[in-house]
Every structure is written in C-alpha cells, then in structure tokens.
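Colleague: Can you build the whole structure from these sequences, using the hints too?
For the record, the sequence lines run as chains B and C.
Each residue of the first sequence is one higher than the last, beginning at 95 in the working numbering.
Each residue of the second sequence is one higher than the last, beginning at 95 in the working numbering.
Hints listed in this document are in silico derivations from the structure and should not be mistaken for laboratory results.
Among the hints, a few may not be true.
In this list, chains with the same sequence are indistinguishable; a pair is considered to hold if it fits within one copy or across any two.
In silico SDA-like pairs for lysine to any residue, Cα to Cα no more than 25 Å straight-line [as the list claims (entries may be wrong)]: (1) LYS587 x GLY679; (2) LYS469 x PHE298; (3) LYS318 x GLY512; (4) LYS680 x VAL580; (5) LYS680 x PRO427; (6) LYS343 x ILE516; (7) LYS587 x ARG663; (8) LYS587 x GLN598; (9) LYS246 x LYS343; (10) LYS273 x GLU377; (11) LYS419 x ASP266; (12) LYS431 x ILE516; (13) LYS431 x ASP130; (14) LYS343 x GLU517; (15) LYS469 x ARG564; (16) LYS416 x THR259.
There are 2 protein chains.
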Amino acid sequence: MAEYLAPLDDIRFALEGLVDLDGLTKLAPYTEIDADSIFGVLEEFGRLMTEVWAPTNQVGDEQTTRLVDGGVVVPDGFAEAYTAYAEAGWGAVPFDPAYGGGGFPWVVGIAMQEMLNSANMALAMAPLLTQGAIDALLHHGSEEQREVYLEKMVSGEWTGSMNLTEPDAGSDVGALRTKAVKQDDGSYRITGSKIFITWGEHEFTDNIIHLVLARTPDAPTGTKGISCFIVPKYLVNEDGTLGERNDVKVTSLEHKMGIRASATCSLSFGDDGEGAVGYLIGEENAGMRYMFTMMNNARLGVGVEGLGLAERSYQQAVAYAKERKQGFAPGAPRGEKSFIVDHPDVRRNLLTMRSIIEAMRAVSYLVAAQIDVAKHAADEAERTEAQEMVDLLIPLAKSWCTDEAERVTSIGIQVHGGMGFIEETGAAQHYRDAKITQIYEGTNGIQAMDLVGRKMPMRAGAVFTDQITRMRATVAELEGNDGLAVIRDELAKAVDAADATGQQLMADGLADPVVALSVATPFQRLFALTVAGWLMARQAQLASQRLAAGDGDAEALTQKLVSARFFARNVLPEVHGLVGPATSGKDDLAAATF
Amino acid sequence: MAEYLAPLDDIRFALEGLVDLDGLTKLAPYTEIDADSIFGVLEEFGRLMTEVWAPTNQVGDEQTTRLVDGGVVVPDGFAEAYTAYAEAGWGAVPFDPAYGGGGFPWVVGIAMQEMLNSANMALAMAPLLTQGAIDALLHHGSEEQREVYLEKMVSGEWTGSMNLTEPDAGSDVGALRTKAVKQDDGSYRITGSKIFITWGEHEFTDNIIHLVLARTPDAPTGTKGISCFIVPKYLVNEDGTLGERNDVKVTSLEHKMGIRASATCSLSFGDDGEGAVGYLIGEENAGMRYMFTMMNNARLGVGVEGLGLAERSYQQAVAYAKERKQGFAPGAPRGEKSFIVDHPDVRRNLLTMRSIIEAMRAVSYLVAAQIDVAKHAADEAERTEAQEMVDLLIPLAKSWCTDEAERVTSIGIQVHGGMGFIEETGAAQHYRDAKITQIYEGTNGIQAMDLVGRKMPMRAGAVFTDQITRMRATVAELEGNDGLAVIRDELAKAVDAADATGQQLMADGLADPVVALSVATPFQRLFALTVAGWLMARQAQLASQRLAAGDGDAEALTQKLVSARFFARNVLPEVHGLVGPATSGKDDLAAATF
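Modeller: Written out as structure tokens, the structure reads:
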C-alpha cells in the first residue's frame, strides 16, 4: 500500500478560497487564533497521520478487531496510534477551552477529520464518535455532568459511544424499546440491547461513556418518548476515580464488508441484574431533539469520511500509475513501454478522481465554516443565514460526498487493473470502507427525504432560492473572464436546471408530497452537483486571480484551473441527465409491483 | 441469504422479444430444435441452479478456496455441484453434436450462463472458462487434438483453463515471456510463470487442459510472436487413458475482494526439469489471432456475469423489502408500520435495479443471437451484418453490463440499510463479486479504446451508422402509439445524441486519435445507454402489442411497460449528461500533471 501524505496544500487552498479565515478568526471565541496557527496545527497533525496512523490502516483491515473471551482485541498499532493522538491533545482542538479544548473553529476540526479518515477511518471512528458525544453533553448536559465527563472526553482520556440503533429500530429510531426506570437517587436503570455500536467496547482507554437512547415506562410512543442517558462503562466516584463496572456488555461484533477494524458492537444493558446505571441528560422525552442538534455535525462528518477515503484512494492510484508500465501511450518514444499515467483514459480516471475530491473538500469545508459562523457571528442575521445554509446543504454534503467516495474509490481500483482486485494491493479496502458512508447516519435515500421534506420547504422555499441567488452571483462575477468562460457557461446551465427542477419539485410537492418523495434522490444529486460546480468555479476564480497577481505557485494554481475546467466539462454536466429523473413524477413507481 | 429463483418468464420474454427464435431454429445446425425444446432446457437447467448451485454461493464466499499442501481445497458443495452439472451434460448444450454437444444456439448457452452466474459465479467460472478453451480448440485445433481433448471437455469430464497473464503482461499481452521450445517429436517444452489463472488447479475433475500463450525462441516481439499451446495437467496416453503428471504446479492462490471461492492461481511451468509438455495449436506466432476469435464470446460472457449478479442482488433486495418493516410510508394505515417496499424511494431503488437488469438481459441476448446468425445464416450478407453488429456492440455489452452490475449491486446493499454492510446478509458479496467484471477480459477503459479505435472506424463509420439507422427505425415504428409516446420521445433524443457525438468523435479522431481516446469512456457509456434504451423500447413495443392482442399474462406485460417507461424517464436520460464529457476533447487531460 502506498504512503499517505497529508494534502496540506490542497487543504490550505480550499480553506483560503472558500472560508473567510480572517472573518472567522475575528469571531469572539477565535480571536487568539490566526491563519498561521491554523496551518501550523494542520501541518503537525498531518505528520502524525502520515507517520503513525496511516501505516496501521491495512494491518487493521487484515487483522480485524475481534472478540476474544468477551473482550475486544484490536489490531497491531491501534492502541499506540490512539494514545499518540490523545496524549498530544488532538481531540481537543475544536472544543471550548472552558473544558480543556483548543478553541479552534470547527472547520479546522473538519480538516483534521479528513486526514484522520484518510489515515485510518476504522480507528478514526473512536475519536469522532467521541466528538459526537461531547457535542451532546456540551449542549444538553448539566454543569455537574460536564464536570465529571467532559474534560476527560475532550482530552481523549476516555472515549464516547452513541447508542441509537436496535434490531427493529434503524432508520426509524422512534421504534426503539430499551427501557429506563427512574430510581430514588435520581439515576435510572437501563435494560435492553443495542446493535451497530461503533467502538462500544475496547480497552485502549480506561473508560467509555455511552450515550444511550431509551424509553421511560410512561413515555409516549415514537420519537416523542425517547430520552438520552449517560451510561459509563465504569461508574465514576465522587473524587473522579473509577468505581464499579457498570452492567453493560459486548455480546458480539459484526463481520462487515469494510471498516473491518472498527468494533461494531452489540451491547447488552442490564443483563446481570436490575439494569445498567444511567444518568438522564436534560429532560425526559427530549432525547430526539438533542440528537437533532448533533445531526448536522454527524452527517457532515460522514461526508468527510467519504472525502478522506477518496483522497487516500487517489494518492494510491497516482502512485501506481506512475510506476506501472504497460502498453504504448500515444506519442511515446518508439518501442518504449509507457507508464500508464500517460494513457489518455488513465489520465481521465485520475483527473476525474482529483477534480471530484477537490469539490468534495470544498463542499465539506464550506459547510463546516458556516457551522462556525452560525454559532458565533455577532450579527443575528448573519448567524441565521449561515444556519439556514448549513441545514439546506447538510443532506447534499452527506449524500454527495459519500456517493462520490464510492465512485472515486471504484476508479481507484480500475486504475490498478487486475491488481486492484487483490486485497494485498490495498485499493479494494478503500472501496469496501466507503460503502458504509452511504448507509449510516441516515442512508442517502433518507438524506433525500430530509432535503425535500424538511429543507426545501424552509421559509416557503426561500432558503433554496437564496442558494440559487448565491450561485447566480458567482456566474455574474465570472462574466468577462474569458479564461473561465467554459466554467461560467456550464455553471450557469447547471444553476438554471437546479432552479427549475427545484421550483417544480416544491410546487408538485405542495400538491402531492408523494411526488416530491418519488423524485427526491435524483433531485438531491442534481442540486448537490450544482453546488459542487459552484464551489469549483469559485476556486477557479481564486486561482485565476492569484495567477494574474503572481501570488502563489503558478503550476499549482494552473492545476487548480485544470481541475475546475475538467469538472465543469466532465462532472457537472451529469446535471442535465438528472433533469428528466428529477421531474419524472410518481406514476411509474406507483404502478410497479415487486 | 434469500433463495434464487431462475427468472424464466423474464428470460423467455427477452428471447421472444429480441431474438427471432423461429428464424434461429431454421438455421442449418438448429433445425431439430424448436422454441419449446429451448424453454424446456432452460426450465430444467434453472431447477438445478436454484436447488443445487445457488445454496453453495454464500458458503463459498465464507470458506473460500484454499491452497493446502500444494493442493486446492474447494468449499463445501462445490465438487458435488460441478459434478451434477457435468453428469447431466449441461456444459455440452451449445456445442457441435459432432463432439458430443447438444447443438443448441449460443443464445441458449448465454441464458444458461446468466443463471450459472446468478447461482454461483465463482464456481461458474470453471465451466465457462472451459467453454473458452473448447471454442479455441474447435476453431484452431487439429483433428487429432480435437479427438483427444474436445469430447471430454464438452462433456465436462475435464475442465479447461486460459493462461494469458504474467506479472508484466496484463492488458499488454504482447509483453509475455513464457518460453516454448520445440522438441524432436513435434511437442514443445514450456517454461515460465502465469498469474490470475482461474481454476488453474482443482480436483473435481480428473484432468485440466491448460491453453497457454508462450513464445518460441526466435519469435518476433510483441503480439506477433505469441503461440498457443495445449498443456494438459496429466498427459493423455494414446488409448485415451491418463498418463504422467505434467510439470505444471500451482504456487499460490490470490486473496481477492470478490469471487473468493474461485481458485485464482499462479502457475509455474517446467520448474522440475526441461519444461512442461505442450502441443502447438495451429501455427506458431498465430496465438493472438486465435485469442481474438474467442474474444467476443469471452467479453460477452463477462457482461453476462454482471447480469447474473445483478439479478441475484435484485431478487434478494425485493425479498428483504417485502419482509422488513420500518417507518410509515405515505398512505399507510394510521399507526401501522410499513414494509419498506412501500416507501417511494425504496420503490425507486427496486425499479431502477429491475429496469436496468431487463436492459442488460436484452443487450446480452441480442448480441448472443447475432453471434448465432453471424455463424450460421445461409445468406452471406446477413452473416456479415450480424458479425458487424456483434463486433460493434461487444465492447458496449461488456462495459455497460458490468458497470451497471456495480450500480445494481450497490443499490441492492442500500435497500438493506445497515444490514447490507454485514457479510452474513449476503448482499455485499454480489457487490464485491461484481467489481472484477469491470476489470478482466480487458478493463472497461480498454473496451472503450476498442470501440473508438477499432469498431467505430469499421467500414469508415458505416457500421456505426447502420446501428443508428436500426434505432431510428424503432423510433419510427413507435409513431402513433400514444401509450409509448414517452418511450419514443426519449429514445429519439438519445439516438440524436449518440449519432451527433459519434460522428463528431469519428471526425475528431481522424484528425487526432488522441482526442478519440480521451473521450472514449464517456462516449462508450452514452452509446451503450442508447442501445439499451432502444432494446427497452422494442420490448415495450412487444408488450404493448401482446396486451392489445390479449396474448399473455396482462399483469406481467403491464409490468414490462412500467419497466420500459421508467427506464426511458430515469435511466436513459443520463445520455444528455454524457454529451458534454464525450465532446470535451483532450486539452484538460493533456494539461494535467499528477
């Protein structure tokens, strides 16, 4: 397997081009940070990923994480890699200094997530799920709960896990049946079973803080009767030391197609007695609401998993294409075998991968930066606009980045030819790993439901229209720049298509919601491609301005233009193939029998 | 894993709708066959596949085929399944009765291949590779060679293997280095190593006939210096009994992402002495030419692997969607959980799978039937037209059916949600298995090179234009049938796009071949989708005629119309997203640095 090198220049270009870093570092919590400190952090973090984490990725896939005598045994190097990460305090970077955090913007955390996922997605899920648990406790935990748990989770001393799914409650979380009964001391006793709990058990930290969704005895049915509990693996004494083992056990690990080194646990609560000890977060029956506050971060995080895998797959494909000789490329010296990177179709494969990855990065970072603005901008209108943009774009970022991860990692295999199908090559692992990202945190079909059912109707469609307006503004800015004419024209056509299909979908959906649900998936892709094309156009704009000003490495900037032009000509036009499907109505689906 | 049921009604509809069965059974070698005997054969064969073969598929993936003490150990049930197939004489069905064959048309063999691949693709490769070896011996072997080897291969008593690839000779076969030195008795001694040899070793038959490409000492370089040899695992005595073990050994098996139960062997020839004994087929240095005569069958066969996997994935997804309850579908009785098959987006997934599979079947069977016509039609012009059509459509059938197999099996996982990612569910296996079909027998990128470099230029573009004319004729026939207006309109638009981009590609390619090579992949897909749309329109035409005539099961025919309409509205329009990429030229690819 080829080395992974943190793509620091690409990350920097995306951050500078799409994120108002100066504006961001002027927001209240970030005033002590500047662009240099951000890039310094990323560079150092990238070194850890390249040197310590990345070499564990293929080993993990080969050895897998196994259940031995009731305990979870992790692959070689995993505990060491996690410890190196935790001890350097990397998990704390994007959190509030009040709880030991580094006080960096979320978008910096997202750039770090990209590298974590490139280096070893299976292991990355341990700190990333912990970030989700931290997020929930920060927003909804009591001051006491935060004191007891938060600092050790922020520091990485303990990890967190998210316990939602049960065998009959997957996409439909409201169907869950785990029980929570209140005790006289105010704590609860939790009984039930959860499945698909990532890193629900391991031994590379002293404790695991499970956040568990459950129902109290008189709770309403469905999502309105769900409460959220802290269930620590080891109870915490008043002095902060660890006490008794709580009654939560791993009963099995899943045997998965990908991310085979992550522990996907079935957990059983309260098998040995009256229940595992749990502590209510916030109020009873408000658990779903609390989950919703974490959902944007979690879904963006999954999109970034797609980005990380795609980047690693690309680096490996390029390395192979530059060292493998086969056949004769056009224009090659007579009788001399060519590196396959010189064959036009292989170049198309590599440039397809690269331009899509640049767009995935752009979409992810833009949304992350808007999360920061939505939280911290001084001006309320600015906060609202940013939050609306986040809400609208999250299903696109999740679904599009993960669908493209499948495509990019598939091409990554193709570039290797027959060797790509052999596991030792390592290209197949990225493809197998990527598949889960289209499924969890809401399948991409569920993202499409969210888009057409909840997001498009925001402010009676005006949030969507605002996004169209933003994209048209970029088209207008590109007028007169002849070097970017193709990019402008293709973007203009795509925006027209997105606007027309979006308006029709909303009109049809008002008359009959089933129509909107029937075309949700192709519309989601059409809209996402357009947003991606918009951000590629903005990156081209920046590259073109810098080239004209002699600001930066001319070859690197020229390559950004090549990527953007290729994207405009070869990736974005898929939009025009999606107009038909996105306006195809519900009749054929309704008429089908299976 | 769900059961597999041979889709006999769908197969029959495709055969009746696209193949002139009456015409076919009037061709010289098929006069003793009629449609009833064909469907009788398929029905009985389907039973074996459902009952004996299909249950071995997941077992095979779990156990894999392993190398133990230099011998290949196959999963439980494989030897028995192969024996049941061979003893019933199924392998003989599409071959010449002169060598023990059943004398059925190739298209019948292709329908059987579909079922073999649905039932167990990894095992299917043993008889299918044997068919390739039979094909080579039939066309190019001496009468003596045919007598010694052919009958036992046709009967399935022995299998065959194809030995082309070496570590530095994959896509570029001409680079191979295995040596063949002529002996005084006219035989040759073969030394060298081959990789990726499917079922190159196993013990479920008494002998294996390896066809091996090698070079004689003074052979020209490249593909012009390749000869083809018979290298039996056990030498055959004059009386037909088995003699000495030949010096060919399996040195390792590959550890693959999919088709994990097929033995993918590294073979070493001549390790223990002066070389393995081999017998020249035909003439020295003509080996590549002989391979070319088998190539159409082999490539079509790989497309059919994609079809088989897609069908099995679909059957499993439908079964799951009809038994899994989750959430509330629109219009469901209040408070009652819905089967997921009732959710519009799941219906879109299933109908996407189904309509694409029907199109894959149509493309595969049409090409197969043309192979029969090209061989056996009394009229030379008819033979030529059929052969041209086969040559033009083979790269489309191979690449499109396998790319769609990836898409369909991916959707198959999505329908299962999180369970799809768990190996025990069985959905993931089809997806892992499918990936190889895009790679071997020439990657799909190489198919695109073949299309634009060899096929489009046939008769100065007239073979392509003939295909456009055929498709326009269908558009014309659909005029006036209001029920099929959408199908006609979408087909007409797609044919216009295929015609225009194809003509531009040929014009550009004449001026600069690199332009044609640069856009070959998107053009190939555009053209293939159009051909698929054409055949779906023809099937709609047939269904509509039969419905009007009250000929056949009305519900089944109506569902064919639903599939065709959905395909026209939701699958075929991708063509319009491919016009841009197919006309994007070479500049961006040339400007990229990696």
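Colleague: Regarding LYS680 and PRO427, is the shortest C-alpha distance of 25 Å or less found within a copy, between copies, in both, or in neither?
Modeller: For LYS680 and PRO427, the Cα distance is within 25 Å only across copies (20 Å; inside one copy 57 Å).
Colleague: For the identical chains here, do LYS416 and THR259 meet the 25 Å Cα criterion within one copy, between copies, both, or neither?
Modeller: between (44 Å within a copy, 21 Å between copies)
Colleague: If the cut is 25 Å between Cα atoms, do LYS246 and LYS343 qualify within a copy, between copies, both or neither?
Modeller: within (22 Å within a copy, 59 Å between copies)
Colleague: Is the C-alpha distance from LYS587 to ARG663 at most 25 Å within one copy, between copies, in both cases, or in neither?
Modeller: Both: 12 Å inside a chain and 21 Å across chains, each within 25 Å.
Colleague: I want to check one pair: LYS469 and ARG564. Are their C-alpha atoms no more than 25 Å apart within a copy, between two copies, both, or neither?
Modeller: Intra 21 Å, inter 61 Å, cutoff 25 Å: intra-copy only.
Colleague: How would you classify LYS431 and ILE516 at a CA-CA limit of 25 Å: within, between, both, or neither?
Modeller: For LYS431 and ILE516, only the intra-copy Cα distance (24 Å) is at most 25 Å; the inter-copy one is 43 Å.
Colleague: With identical chains, the pair LYS318 and GLY512 could be close in the same copy or across copies; at 25 Å between alpha carbons, which is it: within, between, both, or neither?
Modeller: The answer is between: 24 Å across copies meets 25 Å, while 52 Å in one copy does not.
Colleague: Could you figure out if LYS273 and GLU377 sit no more than 25 Å apart (CA to CA) within one copy, between two copies, both or neither?
Modeller: Only inside one copy: LYS273 and GLU377 sit 16 Å apart there, 78 Å across copies, limit 25 Å.
Colleague: Indicate which option fits the pair LYS469, PHE298 if close means a Cα-Cα distance not exceeding 25 Å: within, between, both or neither.
Modeller: Close neither inside one copy (33 Å) nor across copies (67 Å); limit 25 Å.
Colleague: What label fits LYS587 with GLY679 when the C-alpha limit is 25 Å: within, between, both, or neither?
Modeller: Classified as both; 22 Å inside a copy, 20 Å across copies.
Colleague: If the cutoff is 25 Å on CA atoms, where do LYS680 and VAL580 land: within, between, both or neither? Let me know, please.
Modeller: between (35 Å within a copy, 15 Å between copies)
Colleague: Give the relationship of LYS343 and ILE516 under a CA distance limit of 25 Å: within one copy only, between copies only, both, or neither.
Modeller: Between copies, since 21 Å is at most 25 Å while 36 Å is not.
The structure is inconsistent with the numbered hints 2 and 13, although it conforms to all the rest.
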